[in-house]
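Trainee: This is what each chain is made of:
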Amino acid sequence: MKKSVFFGALTVAGLVAGAAAAGTVDDIKARGKLNCGVTTGLVGFAAPDANGEWNGFDVGVCRAVAAAVLGDPKAVEFVPTTGKTRFTALASGEIDMLARNTTWTFSRDVDLKFEFVGVNYYDGQGFMVPKELGVSSAKELDGATVCIQTGTTTELNLADFFRSNNISYEPVPIETNAEAQQQYLAGACDVYTTDASGLAATRATFENPGDHVLLPEIISKEPLGPLVRHGDNEWGDVVRWTLNALIAAEELGVTSANISEMSMGTDNPEINRMLGSEGNLGEQLGLSADWAKNAIMAGGNYGELFEKNIGESTPIGLARGLNAQWTNGGLIYSPPFR
Amino acid sequence: MTTLTDPPKESFRLSMLIYDTRYRSLTIQAVAMLGFMLLAAWLINNTIVNLATLGKPIDLGFLGEPASYDINQRLLDYNSRDTHLRAAFIGLINTIVVAVLGCITATIIGVLVGVLRLSKNWLVAKIMTVYVEVFRNVPVLLWIVLAMAILIESLPAPRDFRGENPEATLSFFDTVAITNRGVYIPEPLFSNSLGNIHLFGDSSLRFDVSLDLVAILIVLAASIFAIRKVTARAARIQAATGVRPKTWHVNLAIFFVPMIALLTLLGFHLGYPALKGFNFQGGTHMRNSLIALWLALSLYTAAFIAEIVRGGILAISHGQTEAAGALGLRPGKTMRLVILPQALRVIIPPMISNYLNLTKNSSLAIAVGYMDITGTLGGITMNQTGRELEGVLLLMACYLLISLSISAVMNWYNKRVALVER
Amino acid sequence: MSNQAFVRTEMLPEQHPPATTVGVIGWLRENLFSGWFNSILTVVSLAFVYYVLSGILPWIFQSAWNADSLNECREIFIATWGSTEGHACWGVVNERWLQLLYGFYPSDLYWRVNLTLVVTLIAMAPVLFSDQAPRQLWYVTAVYPFVMPWLLWGGSIWGPLMAAAGFGIGYLAYRVLVPVAGSLVAVIGAVVLPILWWFALAGTVAGAIQGIIPIGIESVESRQFGGFMLAVLLGIVAIGCSLPIGIVLALGRQSDLLIVKALCVGFIEFIRGVPLITLLFVASLLLNLFLPPGTNFDIILRVMIMMTLFAAAYMAEVIRGGLAALPKGQYEGADSLGLNYWQAQRLIIMPQALKISIPGIVSTFIGIFKDTTLVSIIGLFDVIGLSNAIRADTAWNGIYWELFAFIAFLFFIVCFSMSRYSMYLERKLHTGH
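From first to last, the protein sequence lines are chains G, F and W.
Using the numbering used here, the letters of the first sequence map in sequence onto residues 1 to 338.
Using the numbering used here, the letters of the second sequence map in sequence onto residues 339 to 760.
Using the numbering used here, the letters of the third sequence map in sequence onto residues 761 to 1193.
Isolated chain G (complex conformation) (with noise of 0.2 Å):
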């Protein structure tokens, strides 16, 4: 009997945080923070300095989030999550969005019942080597050791890519980045894949940047972006228009320097519409109005994410490439807000 009361009791308290979890975008308003999922480390995407702060481009979205949720871009937990636990804790609840350089694939979609919001880089799989070795294209790399950080779709696309082309390898697959590195450094494996954007920031960081080449060959489409749970469409919106804020924000030319002054209006409609000092999108996701404001202000706009973090006169120096804006000839693409 007393058994029961108290099985009773845990299941009513169950019953009721469940219920609760319904509105994710009220969540996280009464908790005061937002539960973002990052990486464990990853240069330049998302990792800890010193005093602890979370810094990076995969950061910059969590806390432009935040900032548009609720006014204060300091207010996130960030989770470190590995490759194996990142669903897990979106799926359980336990972070409100995985910014993760997660790959947009058909089987998580759908699979696993994740919505992703949009892309925030556009990566591919590549391959570096040492110019020594003067290797100019993937497919000379029969029987070569290739080094391969798991945990990821990677060793997927390696497997595929090397069995279409019927040529063989040898994979070692490696834990994290910094082992990798250094194997591949020391010469145990002669080729290093992972995405392009972690070669050259590995390729950043080595003694001598020079004697290492990455091959032309882009064997995979890695669309990396933030995706939250499926079944809560307000809060996908709310994180979907935050990130598409940052994109058109650098498209319509709005920066942190100069948002302050444009927020009070413009001539152009659209910043006006975005900025909240015309119509009522804000109200519409169920946010202040100047909701966009906020999410600009946390770490300026798309492009100055871009920049202050991977970009060229970072010690990683990504160039653009295909993040570059579609008026610049790249794929980042912000629909309109109207």
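A portion of the hints provided could be inaccurate.
Claimed, not checked - Just so you have them, the derived chain G footprint on chain W, three or more residues with Cβ under 8 Å:
1) 853 to 861
2) 1053 to 1066
3) 1129 to 1142
4) 1157 to 1163
Unchecked claim - Chain W is faced by these chain F residues, among others (derived, beta-carbon under 7 Å):
5) Ser363
6) Ile366
7) Met371
8) Leu381
9) Leu461
10) Val462
11) Leu479
12) Leu480
13) Thr723
14) Glu726
15) Leu727
16) Met734
Source of the hints: derived by calculation from the structure; they are not laboratory data.
All residues carry an ideal CB built from backbone N, CA and C; glycine is no exception.
Chain G is already provided as a structure; the job is to place chains F and W on it using the hints.
Mentor: Chains F and W only, in chain G's frame:
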């Protein structure tokens, strides 16, 4: 005269369940069972409800889908089109390989170090003490990672073997290539091979057994059986006449002649590694990940085994050594014939738990990319299919099976050597 | 009578022993060169020691302490020694050592962690050095389980106080119910009432009192725990919580009750048969699935639960060893005094069994403590996890050995001193017989 009366019939009262010792144990057990079943039901019910919410009913179907990833270190054939079940099986075999190798070397190193720690040579004893303390007191995960890093940094890369004046050359008369990708040792080849038996057809658990190996094992077993017969006969003659006939030349002949004959028949020769393209080709390739894991696990476990061995030897009373000395046995023979057999009884039980620990610690293989069962089933398969519940439960079941078999075998051995008390 | 001149009448003066058997030379001969085999061993060992030290020492000492990035280190190496090979870049440890020790714990609250460590040591003193520590310290040990979480997690003081009150309620219930309804009802009451209190009332009451008399310190979320502190915390929690569970399991395993015994054996063998990493997978991936829908508590608590269960199985075996080592006369003595099962356990068996189990408990603790490094595999920032995160910083990408050396050093210091303590204890127990 006297009328027998039954003792007053005791009516069963509910309180007897608690206050009567005849019933109390039953009550307690019933309550315990009920509690356990309630708990289990509660957990299972929660799981079912949660899985239904997630839309992921328990389904082992994913094991039949193609794995789509490659495994480098494998004893059986496998390619990326094979199923997840096959990948898990390859991983299981890899776990067993490293566990068996590790247990053997850990025992050898451990016994050696344990004996040397008691050496009269001060320097040797101290070095062994430092070894034991350093290895016991640093987490095994660090040792595994460090072993890998040391192998990679200190050994030459295959490219160093290239060119006119290579920086590195093959060891052991040009037969073994030690590189930072692993060690290539000569492989046994048979020109008149008997072929393989394919067990389990085309299923995921298919298993090729080389008939050459089977033939060699059969001949070996037969030789050993014959040698034991000869030795037993010699012992009988010695017991009867007091003179032991010489047997070593017969034994040698019995051991080598059939084996050499068989190997010649099979056309046995060695295949040597040679540098071709990016890597060495030919020979058996023991990858660095395996060597690092093997080395780290054996050195780590050996430190514990050394302490057990030392404790076991110290536990044997000094009188035994003195008695052996009085009988005129030399120190080496004293150790081998008197001390170790007795110490073994003390040593075996804690040794079992160290073997179990080594096997379980082999699950840290993912730190160096050795594809054991945690790396395949619990690693890439789980990542790719998102079937955590099924994956983790299968993983646990596999380890439980391995652990229970090890304990069963070792306990059986322990029973054999245990002192029979009267 | 006759003068036997060949018999010496006065003693010869004492001679010094031969120079080769005393002093340094004598020691050397005795211990290092007592035979050709030993001499060879000594020479080989010397060569080995030289080889190892000549590799490591220059690396440790010809190093750069003041650098903000790996590249800066390399510049210093080039400027000072002309090459980047074989020098340690301790700059990373210099910059990050606080983070490696405390994780992301707010830096102005480090004192709370330090204080917790001091309190922990004081609370453990009566257990570890039972004959030297003053008896008053047992009070510290008694309040420690409530003080430790409060200091680390912070928040309102009423939470831990209300939790402690549960035990008071249990005791009171027992006292009140014994004369009224007998000992059995009293025991049931003493168990059920506190549970009801904890689950149903304690939280509300604590909240209410906090509303009236707010006393509290800044709260810290467990996500901010990390580094070496996390390893120590996980070790202490796992061992502390597993002790009572382990005792129950050990008694259950020895009991005559078939079902109870089967349940205990099943649990112990299951936990001991699977690697810790699979249990950590359960903590990180599955534990939420097993609980009522919507329950969600953070990963560090889940890891604590699984590590406690893990430690409990090993603890049960250690305590079973202690129970088995007690002479049978102790059990018979207890029986002859007419004590019932629980009285015998409480007054006679357990105090002795636990005492002889302490060395085993300490080695279990060392094992658990070392195993806490595994949490890095499920993405927690313990020392190893942090070292990976540090390498993801652009300034330190590519650094390798220095961090591992530092971590190994930390673990070695702690584990080595604990194993020395355990050996001291074993010696003490040994001479006690």
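Trainee: Indicate, hint by hint, whether the structure satisfies it.
Mentor: Hints, verified against the model:
Counting residues of the region 853 to 861 of chain W whose beta carbon lies closer than 8 Å to any beta carbon of chain G gives 3, which meets the minimum of three for the stated coverage. With 6 residues having a Cβ less than 8 Å from any Cβ of chain G, the region 1053 to 1066 of chain W passes the three-residue criterion, so the hint holds. Chain G is given as covering the region 1129 to 1142 of chain W, and this holds because 5 residues of the stretch bring a CB closer than 8 Å to a CB of that chain, at least three being needed. Requiring three or more residues with a Cβ within less than 8 Å of a Cβ of chain G, the coverage given for the region 1157 to 1163 of chain W holds, as 3 such residues are present.
For Ser363 (chain F), the shortest C-beta to C-beta distance to chain W is roughly 5 Å, which falls under 7 Å, so the interface hint holds. Nearest Cβ of chain W to the Cβ of Ile366 (chain F): about 6 Å, under the 7 Å cut. The hint holds. A least Cβ separation of about 5 Å between Met371 (chain F) and chain W falls short of the 7 Å threshold, and the interface hint therefore holds. The criterion of a C-beta within 7 Å of any C-beta in chain W is met by Leu381 (chain F), whose closest approach is roughly 5 Å, and the hint holds.
Taken as an interface hint, Leu461 (chain F) checks out: its beta carbon lies about 5 Å from the nearest beta carbon of chain W, inside 7 Å. At its closest, the beta carbon of Val462 (chain F) sits 5 Å from a beta carbon of chain W; the interface hint therefore holds under the 7 Å criterion. The beta carbon of Leu479 (chain F) is positioned within 7 Å of a beta carbon in chain W (closest approach about 5 Å), and the interface hint is therefore held. The interface hint given for Leu480 (chain F) holds, since its Cβ lies 5 Å from the closest Cβ of chain W, which is under the 7 Å cut-off.
This hint is violated: Thr723 (chain F) has a C-beta 13 Å from the nearest C-beta of chain W, more than the 7 Å allowed. For Glu726 (chain F), the interface hint holds, the least distance from its beta-carbon to any beta-carbon of chain W being 4 Å, beneath 7 Å. Here the hint on Leu727 (chain F) is kept, as its CB sits about 6 Å from the closest CB of chain W, short of 7 Å. A least Cβ separation of about 5 Å between Met734 (chain F) and chain W falls short of the 7 Å threshold, and the interface hint therefore holds.
Taken one by one, the earlier hints fail for this structure only at number 13.
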